[in-house]
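Peer 1: Sequence:
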Amino acid sequence: MMKQLLVAGLTGLVLTASAVPVPLSAPTKKKNKKKTEHAIQIQDPASAWADSVFNSLTPDERIAQLIVIRAHSNLGQDHVNAVVKDIQENKVGGVIFFQGGPIREANLTNYYQSISKVPLLVSIDGEWGLGMRLDSVISLPRNMMLGATRDTALAYAYGKVLAEQCRRIGIHVDYAPDMDVNNNPNNPVINDRSYGEDKYQVARLGVATIKGMQDNGIMANAKHFPGHGDTNVDSHLDLPTINKTRQQLDSLELYPFRAAIAAGVQSIMIGHLYIPAIDNKPNTPTSISHKAVTKLLREELGFKGLTITDALEMKGIAKFYTNGQESLQSLLAGNDLMILPSTAKGSIDAIRKGIKKGLITQSEVDERVKRVLRAKYALGLNKPQVIDTRNITEDINASTDSLRRKIAEKAITLLSNDDKLIPFSPAVTQQKIAVVAVGADSNNAFIDAVKAAKPGTDAFIFTGRQSVEQIAPIVSRIHRDYKAVIISVHNYSRRPANNFGLSLAQRLIIRQLQQELPSATVVFGNPYAIQYFCEAPHILAAYEDDSTTQKVAADILFGKLAPEGKLPVTVCPSYPSGSGVTYKLNQYTTLPMATPESEGLNAQTLLKIDAYANEMIGHGAAPGCEVLAVKNGKVIFNRVYGHYEYNRREPVMPKSIYDLASVTKVCATTISIMKLYDEGRLQLDETLGTYLPFTQGSDKAKLKVRDILLHQAGLVPYIPFYKELVNAAGVPDSTIFHNVPSTGFNTRVAEGLYLMDTYKDTLWRKILDSKLTPAQGYVYSDLDFLFLGRIVEQLSGKPLNEYVQETFYTPLGLETTGFLPRDRFPLSQIVPTENEFTYRRQLLRGDVHDPTAAMFGGVAGHAGLFSDAHDLGVIFQMLLNKGTFNGKQYFKPETVDLFTGYASNISRRGLGFDKTEKNNASRTDPYPSRYATGAVFGHTGFTGTCVWADPSTGMAFIFLSNRVYPNGGANTKLSVLNTRGKMMDVFYEAMLK
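Add 23 to the 1-based position in the sequence shown for the numbering used here, that's all there is to it.
Treat the hints with caution; some may be incorrect.
Claimed, not checked - Pairs of lysine to any residue residues, derived as SDA-like cross-links and limited to a Cα-Cα distance of at most 25 angstroms, are as follows:
id	residue 1	residue 2
1	Lys821	Ser448
2	Lys376	Asp74
3	Lys746	Arg704
4	Lys380	Thr366
Stated by the list, open to error - Cβ pair distances, simulated, as ranges:
id	residue 1	residue 2	range
5	Arg503	Asn750	37 to 43 angstroms
6	Arg503	Gly800	56 to 62 angstroms
7	Gln554	Leu850	28 to 34 angstroms
8	Tyr741	Ser621	24 to 30 angstroms
9	Lys455	Ala285	56 to 62 angstroms
10	Tyr803	Arg500	49 to 55 angstroms
11	Asp504	Ser998	41 to 47 angstroms
12	Thr833	Gln554	36 to 42 angstroms
13	Asn750	Thr833	41 to 47 angstroms
14	Arg503	Arg729	33 to 39 angstroms
15	Asn750	Gly800	56 to 62 angstroms
16	Asp74	Ser570	50 to 56 angstroms
None of these hints come from the bench; they were simulated from the model.
Treat the numbers as computed from the prediction; the structure is a model and nothing was measured.
By construction, the Cβ of each residue, glycine as well, lies at the ideal position given by its N, Cα and C atoms.
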């Protein structure tokens, strides 16, 4: 037998037929004889096929078409033998699959169909997809999460995916969707299987799901008629009673079913419910009530499709009828299909005896049988259907992840945000944060996503097995060491019994953390559990606890997505159904991602980047780096390589923050000068003396801003100020530096090294006294940009770091770009630079590498800026956009063109920006790369960084490394290898192929 099974499962192609819209009821007879004869001649194909099959069956075989038995693909050969016996001997009409695996089920389906006299109606109770029953299959969210979206397009897509999954594995009927209005939070069986407590939303979303299923070839099933949402008894275990008036039922429970019928739902499942207002006969569930099924559903509501019982093995009916009598009673009530009776043979016998006793006529039974056969025709069972098992699991899972993410993005609900903590602002993300995962057993996708968004975040796990006594040490440590806490709640029960399985210790630690620290709580699961945390200052309902939902929740917390969901049920008086805080984010909080191919680049060519990065690390040019490329406004390449140090302890991460060195000149000072010029507050041909009164009386006062931007004002390259302040052993002068901040010594130069505050004036006096080259020529100078930084501060009235933050970095949505990173980020996120043996005598990490910028307190016009690669990509994309980003204009297009174009007759420079050598094509040492066009603008940094943009190709290239680790500028291997230039050329090469 198993040989037959395996052979049947491996032969043939998938033959699926779209649902044919044919009537499940027989055509109405006409009184006119001629018309009747004509109707017979053109009998519809469904009825013709049904009649032909019907006529081939014995009376018992006809009755058997109304019986659907249980099938599993994980219960072994004895179970398979029992199913085979019912198919071969009792000729049952269908099977309903439960637990198992996709390939095993497909093989069994092929085999069962091959031995059945009449094609089997294969069904499943898969409300959230085949993952509800089968291993290896990803589950979709429960209906309540769809309810939070209020989005009928998503509900239709949900139904479509259900249909595609079912058709791929040979299933014809999915007993979904649940159309119950869950207006009882203590409902032990429906609960989050419902779309919610709003009958209109239940109807809208249910109808959309039905259409998605039936438009794609699967019979949908509205359940549990006449409404199972307001019960506190599980009908699997007992018979629930609903004591409502008929008027109340009409106004609420029946509303979604009326909508489903109007929309053309092809089947309805009758629940096991005792509702005296419909039928007050004792011990009469609605599933066996003639008043409920025939009088109400068929006659009053006008339903023409299949009526199907809920499982007849459930105690809601089994406690009253068994041994096949449950099937007879169901048939007498008006049902077409009897699901999971206690016995197939006993059911056939009981129904045969019922006909003989006159309890039901033969013609009534025959009409039910033909209705089922017409349904089989409509589902394509008039033709062979053989399932191809190749790639079946992959095919079934093909659409689930993308749909889960779409639903999560629309569903997750922010319930409280009075002080607008969410999304986390830089003020929050710059602080030390902990995440406490209550109910988790180990790190999960949420913790990983939080750590990726906020490197340096520490995670604590509080399982359901921990005691109340273990709370205090955890809360005390978090209160002591962290400024804010994210609380996530996981792995609790979906059912309300026993506080949803949340232990007293779990509930207490959540409340204590919420009371003692700024907190955001994310509840991953049934939203009714939020009733225990309604006093939380900031709370998100996430509905599900899968990895996709966890990642989306983290994206909302950190401002990558805005919350859109609305609570579909009331969880407490302060959060009734419909609650939900929404807001809008900028169009992009991050640059969108794209594949290289989608933007015209050859991905295979880009593999060279990996080789050059490994070459760099292998030769000791730098311990690690990040490479990012943007094309047409989309990130098409972003990879990190190596580590912070050669000891390989800390890997480079996408959010790693690098000391940009002279990239500060363009990403802080030049763009600030551009803004002031754009606003008419600065003229390029005015002098330093005009804008900086303290220069008047010196030979620097006459220098023009334009010449300073071009590095042709005659200033010396740099002044090694620190050398005058250390002794022969490299130890700083203790009269100028203190080891701790104190009165008059608050300018931080490094850890344990604070400069006399008034010494900045000495630095400027030395700059003013420095030698000026009489014949102006191109001399790259840091002093140029020290002056330009002072101009920005003079004209704006703000320190340079504050001006660029307010004018550019915050409006652009930059997370990391800025000065003084130690004040905003944990050291674990900041890449170290030099291990300096003189002057600062320490490994520099988070303090600016440039010694002069350090003496200015870490903020200077030529150095001091830190950033990750992505944020630099945003800045340069804004420049590529001619000064506009996310609908906000930062510069006029002509200002961008002026500053980024060639601006000197004696050098390659633009105004502030570095550019491609003018004779690049003929040079033996092309700069910045061989294929760089004349449109390219950007800058390099001493620490091993560069940023370049090419308007002619719409591309930006960012490279960040710490090549100065550990021995400073003596390591020139990065330049010798030409790593930056070769990598940049790879992107040009990829565009040519």
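Peer 1: Among all the numbered hints in the text so far, which are the ones the structure does not match?
Peer 2: Violated hints: 3, 7, 8, 14, 15; rest satisfied.
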